[in-house]
Amino acid sequence: TATGRGREGHGARDREGRGGDARGGSGGDGRRSHAILGREDLAHAIRPLPVAALRLGDDIELALLELAIETLGQLMDLPRATLPARFGPVILQRLDQFTGHAFETIHPVRPVDLPVAEQVFTGPTPRLDAIELATRNLLDDLCTQLRRRESGVQTLRLDLDRTDLTPLRVPLVLSRPTRDPAHLWSLLRPRLETAQLGFGVDAITLLAVRIERIVHGQSGTGWAQTDAMRRQQLDAAFARFVDTLGARLGPHRLTRIEITESHVPERVFRHRMLGPRPDLPPAVPIRLVPADRPSHLLTRPRPLHVIALAPEGPPLSIRDGTDEFTVVAVAGPERIGPEWWQGDHETRDYFAVGDARGRWWWVYRTLPTNAWFLHGLWM
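Numbering-wise, the numbering used here comes out as the position in the sequence shown, counting from 1, plus 1471.
Please keep in mind that the hints were generated in silico from the structure rather than gathered at the bench. Take these hints with a grain of salt, some might be off.
[As the list claims (entries may be wrong)] Beta-carbon label-pair distances, calculated as ranges: (1) Glu1575 <-> Met1744: 39 to 45 Å; (2) Val1686 <-> Leu1720: 37 to 43 Å; (3) Met1850 <-> Thr1637: 50 to 56 Å; (4) Ala1516 <-> Val1686: 44 to 50 Å; (5) Ala1708 <-> Gly1784: 24 to 30 Å; (6) Gly1528 <-> Leu1636: 52 to 58 Å; (7) Gln1813 <-> Arg1607: 40 to 46 Å.
Every value quoted in this text rests on a predicted model; they were computed, and no experiment measured them. No residue lacks a Cβ here, since even glycine has one placed at the ideal position from N, Cα and C.
Build out the structure end to end from the sequences listed, making use of the hints.
Shown next, in the form of structure tokens:
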């Protein structure tokens, strides 16, 4: 235990910075620092605890619950010789470790020195060309360090120590690990061009905040390329494209369309935020019913005024705001029922209708209200 407040606080901050939650404890005097329970009393004290305290795994815990064994006391009442045959050897190992009769090796998380490259100038410089040249040299140095570790940087941070201003921190989050200095420079250069340098920069630091190991892969060209190689090249090119868009627009503005299983037109797709590794989506077949759908689907269906010969018949004329036209061709209806598990209660009859100007509209009528809406257009 740490005896000083400063040392204890520093250790707590260090552990919290690594993602842990710090808790401290110490004995008030010699008597209070002794063990609370002796070995002979421990077996009795742990009997009310659940079997989940042994960290046996879901399969073993489920097998014990099927036998109505919920506490450690019920488990310890069973003959020890029968436990390995029924639940595997791990159950006796965990039980002995829990009671102190066997050692449990703890593998600590050791801190890793992150790759860093730094340039300190002899005096503050406000020249952008000098700062850019130094940054490119630091990128080459950093990528050399990453290459020795067979790793790539996932999160990069550029620090500019300015003379008259606070240090400028420029974070760069990449879609996948890389150690390509040209790609990293293409992302950092626009950020440097818009940076406020003040009266000059004293030092530049590049820190690889998060790194990951890059798996080696074969390379080839032409006929020597396999499908896996082409897939790897496409994924890498797609990641560079995502990084470029994220640097210009912001990573939170990047989404991709993902197909979902639904027969309601506006629910067959959804926008999903690009994750930290936006590989191309795998070609997994989605169970969708083939159907003729318009090239442009409205975000929200637009109400229409429709004239039909019969309440359940096709439309004869349609007025969309001030635009009114006569229907010259029609296909349908295609009935799409509600998804009751989504709380829907509306049935739709869809029609593909064409006018004299050659436009095709995708309209539907709701049942039983007989209200008409425009949902899409063939462009």
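The hints, checked one at a time:
no. : hint                            : in the structure
1   : Glu1575 <-> Met1744: 39 to 45 Å : 40 Å, holds
2   : Val1686 <-> Leu1720: 37 to 43 Å : 29 Å, violated
3   : Met1850 <-> Thr1637: 50 to 56 Å : 52 Å, holds
4   : Ala1516 <-> Val1686: 44 to 50 Å : 48 Å, holds
5   : Ala1708 <-> Gly1784: 24 to 30 Å : 53 Å, violated
6   : Gly1528 <-> Leu1636: 52 to 58 Å : 55 Å, holds
7   : Gln1813 <-> Arg1607: 40 to 46 Å : 54 Å, violated
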